[in-house]
Amino acid sequence: MANRIVLNTVSYHGKGAIAEIPGIAKTKGFRHVFVCSDPDLVRFGVTAKVTDLLEKEGIPYTLYSEIKPNPTIKNVQDGVAAFKACAADSIITIGGGSSMDTAKAIGIIINNPEFEDVRSLEGVAPTKNHAVPTIAVPTTAGTAAEVTINYVITDVEKERKFVCVDENDIPEVAVIDPDMMSSMPKGLTAATGMDALTHAIEGYTTKAAWEIPDMFHLEAIKLISQNLRGAVENTPEGREGMAMAQYIAGMGFSNVGLGIAHSIAHTLGAHYDTPHGVACAMMLPIVMEYNQEYTGERLREVARAMGVEGVDNMTPAEYRKAAIDAVKKLSADVGIPAKNDRIREEDLDVLAADAYADACRPGNPRDTSVEDLKELYRKIM
1 MANRIVLNTV SYHGKGAIAE IPGIAKTKGF RHVFVCSDPD LVRFGVTAKV TDLLEKEGIP
61 YTLYSEIKPN PTIKNVQDGV AAFKACAADS IITIGGGSSM DTAKAIGIII NNPEFEDVRS
121 LEGVAPTKNH AVPTIAVPTT AGTAAEVTIN YVITDVEKER KFVCVDENDI PEVAVIDPDM
181 MSSMPKGLTA ATGMDALTHA IEGYTTKAAW EIPDMFHLEA IKLISQNLRG AVENTPEGRE
241 GMAMAQYIAG MGFSNVGLGI AHSIAHTLGA HYDTPHGVAC AMMLPIVMEY NQEYTGERLR
301 EVARAMGVEG VDNMTPAEYR KAAIDAVKKL SADVGIPAKN DRIREEDLDV LAADAYADAC
361 RPGNPRDTSV EDLKELYRKI M
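When you line the sequence shown up against my numbering, it's residues 1 to 381, in that order.
If you're looking for bench data, these hints aren't it; they were derived computationally from the structure. Take these hints with a grain of salt, some might be off.
No farther apart than 25 Å at their CA atoms in a straight line, the calculated lysine-lysine pairs in the DSS-like style are these [what the hints assert, rightly or not]:
#1 K379 - K328
#2 K158 - K222
#3 K329 - K222
#4 K339 - K328
#5 K186 - K329
#6 K379 - K329
#7 K321 - K379
With beta-carbon atoms standing in for the labels, derived distance ranges [claimed, not checked]:
#8 E346 - P113: 38 to 46 Å
#9 G296 - A19: 44 to 52 Å
#10 D367 - D89: 22 to 30 Å
#11 G58 - R344: 50 to 58 Å
#12 G29 - A81: 32 to 40 Å
#13 A81 - A19: 30 to 38 Å
#14 A19 - G187: 50 to 58 Å
All of these numbers come straight from a predicted model, not from anything done at the bench. No residue lacks a Cβ here, since even glycine has one placed at the ideal position from N, Cα and C.
All chains, full assembly: derive it from the sequences and hints.
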C-alpha cells in the first residue's frame, strides 16, 4: 500500500506575509473574491487587515461572516447561496477552524453541487472536482485547517459533528502570518495550542503513522512545548513559534489521521458546545494513558520532544508516564481546566455511540469499544 502526502501548492510564512495576498489574487486572475470570516474577527478589525489590502489594489470582494464557532449545515448552505449571488470565482478564508471549515465546504459544493445537502460530504466523499480556488489565512495557532484535507461540520438537528476528508478541499495557498494571531485572547491561544499538540501526538501515534509525517509531528511537539506558554503571554517569539508549529502539525496529521481524543472532543463540542481545543486538552493525557501499551517506543520520543531529560535511561513505564505528565503540566500551565462539569451520566450512551461512529476513531492505536469510551468520558466528569 502506498503512503500519500497532500499539502498546499504554495504557502507563505512570517510577519507581514499577508502583503502577498493581492499579488497572488491578481496572478491567479481572481475577478471577485468571496471573503469567508467570522463575526468576531470582523468586529475587531482582524478581517479588515486583509480586505483593506484588497480594496487598496481594487480587487472586488463580498464578505460572508454568518459563521458559528462550531459551523453548521445552515452556515454552509447560506454561504453557498451567498457565493452564487455575488458571482464570485474564488475564496479567501480568514479565521480559525470555523471559518476555514465553512469555506472548504462551500468551495467543494460550488464545484460539486450534487453534495449540496452537506451531510453527504461526511467521511471520504467521492467528489470529482477540486474546490473553488482558495487562499487560507489562519488567525489561530491550532487547527491547521489551511493545510489539511479535513473539515468538521455540526449537524444541529442530530446533535453531532461529522468529519469530512477530501483531497479536493485543501486550499491552494496558505498564508501564515503571526501578526494575524496577535489579537487572540489567552484562553483561545491556550485552547488552540493544545489542539495543535493533540494533532501532533495523535498523528504520531496513529495506526497509519510513517516516516515523513513522523518528522513533522515530532518537530511540532517540540515547537509547541517551547512556545505555547510564551504565545499565551503574547510574546512575539511565542506567536511566531506557534504559527509554525501548528502548520507543521497539520502537514502531518492531515495525511495519517487522528484518534479517539478527537472523536470524544467532537462529541463534546456537538452536545455541549465545549471549545474544541479545550476538549482535546482535557482528553489528550487520558487517551495517551489508555493507549500507552499500544504505542511501542513512541511516547519516549514524545517525552524527548517535550523536553524531558534522561528518557534513554527510563523504562517504558517511566517514559510513558513522563510524556503524559509533560502534557498535563503544559495544559495546566496555560490554564486549561481538567474537568467538564456539563457531562451527565445519562448522556454517556449517546456520547459514546457518537464518538465510536466518528471518523477519527479507527485511527486510534488501540481498538476501542463503546463501553471503553464511556469510561474515558467519566474521567473528565
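Of the numbered hints stated previously, which ones are contradicted by the structure, given in increasing order? 2, 10, 12, 14
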